[in-house]
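Colleague: Just so you know, the protein sequences line up as chains A and B, in that order.
Be aware that the first sequence starts at 1, since it is given in my numbering, and climbs by one per residue.
Be aware that the second sequence starts at 1001, since it is given in my numbering, and climbs by one per residue.
What the hints contain is simulated information worked out from the structure, not anything from laboratory work.
Quick caveat: nothing in here was measured; it's all calculated off a predicted structure.
C-beta atoms are modelled at their ideal positions from N, C-alpha and C, and glycine is treated no differently.
Please note that a few of the clues may not be correct.
As the list claims (entries may be wrong) - If you want the ones that stay clear, here's a sample from chain B, every Cβ over 10 Å from chain A, calculated:
hint: 1; residue: K1002
hint: 2; residue: Q1044
hint: 3; residue: P1091
hint: 4; residue: N1139
As the list claims (entries may be wrong) - Interface residues of chain A toward chain B, partial, derived using beta-carbon atoms under 10 Å:
hint: 5; residue: S109
hint: 6; residue: D160
hint: 7; residue: F225
hint: 8; residue: G230
hint: 9; residue: G305
hint: 10; residue: G308
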Amino acid sequence: MPAVDLAVEQDMTIDRMKDHELHCGLRVFSSPLLIVFLIGFLAFFLADGAHALDVPPLKGYVNDYANMISRQTQSRLEAELKAFERTDSTQLVILTVPSLDGETIEGFSIKVAEAWKIGQKGRDNGIIFLVAAREKRIRIEVGRGLEGRLTDLTAGRIIDLVVKPRFKRGDFNGGFVAGTSALIDATKGEFKAEEARPARKGRSFSPMLTLLLFAGIGLLFLGSFSRVAGGIAGAIGLPGIAFLTLGPSMITLVLLGLLGLAMGILLPFLFSGTGHGRGGGMFFPGGGFFGTGGGGDFNSGGGFGGGGGDFGGGGASGDW
Amino acid sequence: MKRAAMHLVLLFVIFSIAGCGYNTMQRNEEAVKAAWGNVEAAYQRRNDLIPNLVEVVKAYAKHERETLQAVTEARGKVGSIQAGKDIVGDPKAFARFQEAQASMSSALSRLLVVAERYPDLKANQNFRDLQVQLEGTENRINVARTRYNSAVQEFNTSIRIFPNSLTNKLLLHLTPREPFKAEAGAEKAPQVKF
């Protein structure tokens, strides 16, 4: 996934920039840094929307970007959380970040929740256990479906009584392990994993596809009356659909208009069964072209991912 | 025959354009309604916490009658505004709602500042629990407001852009919805700190 790679690269860029700012002082505008900055800048625009900038990519159950958890503890937590999801379908994800860069932990947390969509769709059973190292802030973000079991109060107590004392002693591994167990205990049994869950939410056809189908039938119908009518309908309909669903530039619209004109005149002719079967094959790739143009807002990579859970800002924050 | 075909062309064009815009606008209006429901629920949640909070504070800080009264009064005012779906479509009612909630917020933050002066109160477990709940509720309000605003923005855009604006004028007659504006002096949610 190029977007993920870019985000990683960009995160690294930000870190390097910070180092430079700290160490170089006034030499901020030296040329290598400028290049680094430009790459970061490009990554910003390519990284799929404004929110993706700050939210690090989801790697697994434990996303330790601040290097607070030892490797051994990490694999233990991964196994525990994986088993928990298998039995209860509830997703619990840990994220540590080096710094919040001036943002509130609540604001950042909801952005992560919106980007990662932890939890199953419709059940909204996701939990994000977020820790900001420099600010010494902890947040437990609770998905809507778990707000009844894991209330703000319970989350607050887990932070205050379980996580905080261990973090204060510098025992981060113990804090994460104990906090995770407490969260699992609090939410166990609220949901049950189904025997065989449908793999992915099947997204319905885009409106464009429906419209194109309609337009195609309309063109056939009109074109069978008269070629002029078919041509006009094609010339207006095709750019119309493109405008409504894609919103492209004027030039594209004009070109699509011409294409639509041609299709409106020729389509009924091709379907009239006069042995021009090969021609029909020629026009369908056109539909394929529009299809690929319309999609592309899915950001679910392979492997681990959120299931589309919704968050409404429930949970609690604390510091140590 | 040709005229019939032309009529059909016209009909087809109207339906392909108007039909789409129509659905989008309807969907967006429902999204605004849903987002508003969440805003109301979050505010209601806060309102429900207040009697308990007032009780706890009263037990330790009897002398702060004025502050406590301000909170109770603000709560009454919020309650008297009939919170319902019609608020979203009525700019005046929306402004009233926002104003009442803003005065509630400021009365509440004054109360919490006052509470800082009473160590016994601060140490009370009940009070601390209420603070956590209040904090969570303020966060929910924030989230709900932000989402409401983006739903409103999408809705307002969808009734203004070209083919939709025509559909709206002819068929739907939807009016733009009001977004939440940042309250004067309340850019930050009241800080609830131990």
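Colleague: Take the hints in turn and mark each one as holding or not.
Modeller: How the hints compare with the structure:
no.: 1; hint: K1002; verdict: violated, 6 Å
no.: 2; hint: Q1044; verdict: holds, 14 Å
no.: 3; hint: P1091; verdict: holds, 26 Å
no.: 4; hint: N1139; verdict: violated, 5 Å
no.: 5; hint: S109; verdict: holds, 9 Å
no.: 6; hint: D160; verdict: holds, 8 Å
no.: 7; hint: F225; verdict: holds, 4 Å
no.: 8; hint: G230; verdict: holds, 9 Å
no.: 9; hint: G305; verdict: violated, 22 Å
no.: 10; hint: G308; verdict: violated, 16 Å
Hint compliance for this structure: hints 1, 4, 9 and 10 are not met, and every other hint is.
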